[in-house]
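Participant: Now for the letters of each chain:
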Amino acid sequence: MIGQVLLNGILLGGLYALVSLGLTLIFGVMRIINFAHGQFLMLAMYGTFWLFQLYGVDPYLSILIVLPLMFILGIVAYRVVIQPIIDASEMTHVFATLGLNLSLQGIALILWQGDFRGIRTVYSSMVVHLGSLYINIPRLIIFLCALATIWVLFLFLKKTYTGKAIRASAQKRVAAQLMGVNLSRIYMIAFGMGIAIVGITGAVLMPIYEVFPSVGSLFALVSFVVVVLGGLGNLGGALVGGIIIGVVESVSGVFIAPNLKEGVYFIIFVIILLLRPTGIFGKAVIR
Amino acid sequence: MKRAILFFLLLTILVPLPAAAQNDVKIGCVLPYTGALAWQGQETYRGMQIAADMQNKRGGVLGKKIILVKGDSESLKSAVTETERLINEGIRLFCGEYSSSRAKVATTVTEKYGAIFCVVIAVADDITERGYKYVFQPQGRATLWGELSAEFVGKEAAPKLGKKPSDLRVAVAYEDSDFGTSCSVAFIRKAKEFQMNIVSQEPYSLSALDLSSVVLRIKQANPDVLAITPYVRDGILFLQQARDAGLSPKVLICPGGPLANDVFAEKLGDDMNYMLVTTCASHDVRKEAFKPEAWEALQEFGEHYLKEFKKPPTNDAYHGFQGAWTFFHFGLPRSKALDPDDVEKSMRTLVLKPGENVTTFGYQAAPQGHKNAGANLIGYPNVFQWQKGSVGHLVYPPGFAKSQLMLPMPPWGQRSMK
Chain A
1 MIGQVLLNGI
11 LLGGLYALVS
21 LGLTLIFGVM
31 RIINFAHGQF
41 LMLAMYGTFW
51 LFQLYGVDPY
61 LSILIVLPLM
71 FILGIVAYRV
81 VIQPIIDASE
91 MTHVFATLGL
101 NLSLQGIALI
111 LWQGDFRGIR
121 TVYSSMVVHL
131 GSLYINIPRL
141 IIFLCALATI
151 WVLFLFLKKT
161 YTGKAIRASA
171 QKRVAAQLMG
181 VNLSRIYMIA
191 FGMGIAIVGI
201 TGAVLMPIYE
211 VFPSVGSLFA
221 LVSFVVVVLG
231 GLGNLGGALV
241 GGIIIGVVES
251 VSGVFIAPNL
261 KEGVYFIIFV
271 IILLLRPTGI
281 FGKAVIR
Chain B
288 MKRAILFFLL
298 LTILVPLPAA
308 AQNDVKIGCV
318 LPYTGALAWQ
328 GQETYRGMQI
338 AADMQNKRGG
348 VLGKKIILVK
358 GDSESLKSAV
368 TETERLINEG
378 IRLFCGEYSS
388 SRAKVATTVT
398 EKYGAIFCVV
408 IAVADDITER
418 GYKYVFQPQG
428 RATLWGELSA
438 EFVGKEAAPK
448 LGKKPSDLRV
458 AVAYEDSDFG
468 TSCSVAFIRK
478 AKEFQMNIVS
488 QEPYSLSALD
498 LSSVVLRIKQ
508 ANPDVLAITP
518 YVRDGILFLQ
528 QARDAGLSPK
538 VLICPGGPLA
548 NDVFAEKLGD
558 DMNYMLVTTC
568 ASHDVRKEAF
578 KPEAWEALQE
588 FGEHYLKEFK
598 KPPTNDAYHG
608 FQGAWTFFHF
618 GLPRSKALDP
628 DDVEKSMRTL
638 VLKPGENVTT
648 FGYQAAPQGH
658 KNAGANLIGY
668 PNVFQWQKGS
678 VGHLVYPPGF
688 AKSQLMLPMP
698 PWGQRSMK
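Chains as they are written, first to last, in the working numbering: chain A, 1 to 287; chain B, 288 to 705.
One or more hints might be untrue.
As the list claims (entries may be wrong) - Across the chosen pairs, the derived CB separations fall in these ranges: (1) B:Lys689 with A:His129: 39 to 45 Å; (2) B:Glu371 with A:Leu111: 28 to 34 Å; (3) B:Lys442 with A:Ile256: 33 to 39 Å.
Read the hints as simulated data drawn from the structure, not as lab findings. C-beta: ideal position from N, C-alpha, C; glycine also.
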């Protein structure tokens with residue numbers, strides 16, 4: 001059974017990492033904790049649901065539509081909400097993104113009411129067996145999607161001019177500006193990318209989870225834990241943090257008690273932060 | 288200028304309210320309209336709104352039109368603040384609440400102000416275990432739901448498996464709020480009276496995003512019977528992960544109502560067939576078991592819901608309707624006036640035999656001084672079975688049931704019924 005428990009934990013960790021990637025990218029570049037992260041995920045899930053419901057678009061194919069739409073939505077949100085307060089205090093960032101969070105949830109409730117909406121595809125219940133182990137295919141796809149997204153993001157940040165400009169802005173804002181980087185444009189792109197990644201996440205979650213206006217809050221808490229644990233702003237850290245939380249949750253759920261698993265991972269979270277306050281891969285921030 | 292302001296103030300104090308407002312009775316509907324239980328809150332409200340509309344069509348209560356005023360109990364905290372807000376607006380009659388935990392805190396507020404709260408869905412026993420005078424729970428309570436479910440397993444399901452109750456291996460899983468815990472504790476207590484073997488007991492958090500650990504623990508215990516009390520989202524997640532793991536007991540029963548919602552069929556299709564749900568919703572009931580007036584109201588509700596929402600009523604809508612109908616159609620009209628003390632007397636002395644109301648179980652409130660004062664003493668629910676993709680198959684109690692119980696439940700993927 002231990003093999004299955006670890007496998008479940010690793011797959012769950014991939015899911016947590018994917019949910020957290022957009023959050024960590026935005027923080028890494030802009031030093032803004034986006035409290036509306038979960039609600040953008042909810043919107044991406046609704047987008048995927050409606051594409052399936054109205055036009056029969058498969059959730060995985062819908063990434064091609066949802067991703068650019070979420071990128072545009074991210075840019076709009078940046079221009080309207082984030083840009084005006086980018087140089088304000090951290091408390092202002094908290095209130096602005098929290099306000100955005102509540103607004104998006106309220107809008108979803110007005111538009112789609114509280115109904116649970118889910119998708120049933122032929123592969124939703126597909127399972128592959130490897131000896132005594134079983135793997136749910138949509139969960140495996142989420143895990144692979146997390147790896148692929150991190151890899152593509154790494155390549156983008158390392159190899160492209162915009163990627164290098166984003167990294168430069170993340171490392172030292174003023175120096176990047178002196179080198180001719182248009183900070184406002186880079187922030188806008190980074191925010192859009194962070195929300196676009198949420199678009200991918202929403203699409204791949206739909207075969208197994210239902211969407212409703214407050215679904216984002218369920219994922220938001222764990223994504224904050226994962227991002228802080230891995231190191232704020234570190235993409236690899238999000239993957240490692242996600243897998244640690246996933247495995248701890250799975251193991252403690254089976255061998256201690258299912259209703260204590262969140263308690264166990266929060267204890268481990270606190271211990272790691274006591275030993276490494278910046279998270280596993282995090283570095284102290286110098287602006 | 289000062290004179291003008293003074294004149295305006297005097298005008299607002301002295302001029303009577305419009306006649307329409309005097310002819311209304313406002314009823315506070317405290318429910319989770321947002322947050323994790325928003326869907327359930329919305330469905331409950333739909334049922335309550337239809338009950339109000341139907342009663343208004345019949346002349347309202349004591350000549351007044353029922354107006355429902357929403358209070359959003361998205362969390363425990365907002366259950367308190369929203370109830371207080373409605374109290375400050377002068378409302379003294381309340382109806383609603385889906386979540387047992389939120390019902391407990393909201394009723395603490397109403398009791399303090401001497402306001403009536405008719406709890407339409409929440410069934411945890413401790414809502415009525417505090418000796419409160421103004422709280423009523425017409426849909427029964429968790430003990431009755433849990434006990435009836437275990438009794439059903441012992442008396443009806445065990446013989447279908449060719450086993451004695453004492454030979455059954457029973458696993459119990461539940462979300463660990465007041466609702467899941469109360470139903471499951473009562474189920475376990477009664478199951479032990481039948482000498483069933485409780486081989487696994489698994490509480491879990493309602494907000495869990497993964498329930499594979501619960502599934503693995505239960506699978507390890509190899510039960511014949513699984514009694515699970517979830518809400519909707521976690522219930523779907525659990526069943527999906529049980530299907531992945533091949534956890535397939537011969538009997539699966541939900542001692543609380545959520546598994547009766549159609550959302551389950553949308554996600555799991557034919558795999559829902561054979562599952563059993565204990566709920567007080569009055570669907571698939573025998574017409575002859577009801578008095579004509581109650582039957583007519585039940586039909587009117589179904590038609591009204593279908594017309595407005597383009598689908599048959601959900602389980603939660605039935606609950607909302609039934610609880611509110613007991614209050615609006617029976618409790619309030621027989622009260623001398625609409626102040627809380629008169630309404631309390633009316634609800635306390637109201638007695639409805641099975642079939643006289645829109646429920647199968649009638650109504651009789653526990654008197655003050657009783658351990659569960661205000662709870663419906665005869666609120667024993669029904670057991671439904673998913674058959675042919677629909678949960679509308681009443682299999683217990685025998686007097687009301689139209690459908691045949693079909694057990695054992697086949698493994699996943701083999702539950703299609705043509």
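Participant: Run every hint past the structure and note whether it holds.
Facilitator: The hints, checked one at a time:
no., hint, verdict
1, B:Lys689 with A:His129: 39 to 45 Å, "41 Å, holds"
2, B:Glu371 with A:Leu111: 28 to 34 Å, "30 Å, holds"
3, B:Lys442 with A:Ile256: 33 to 39 Å, "36 Å, holds"
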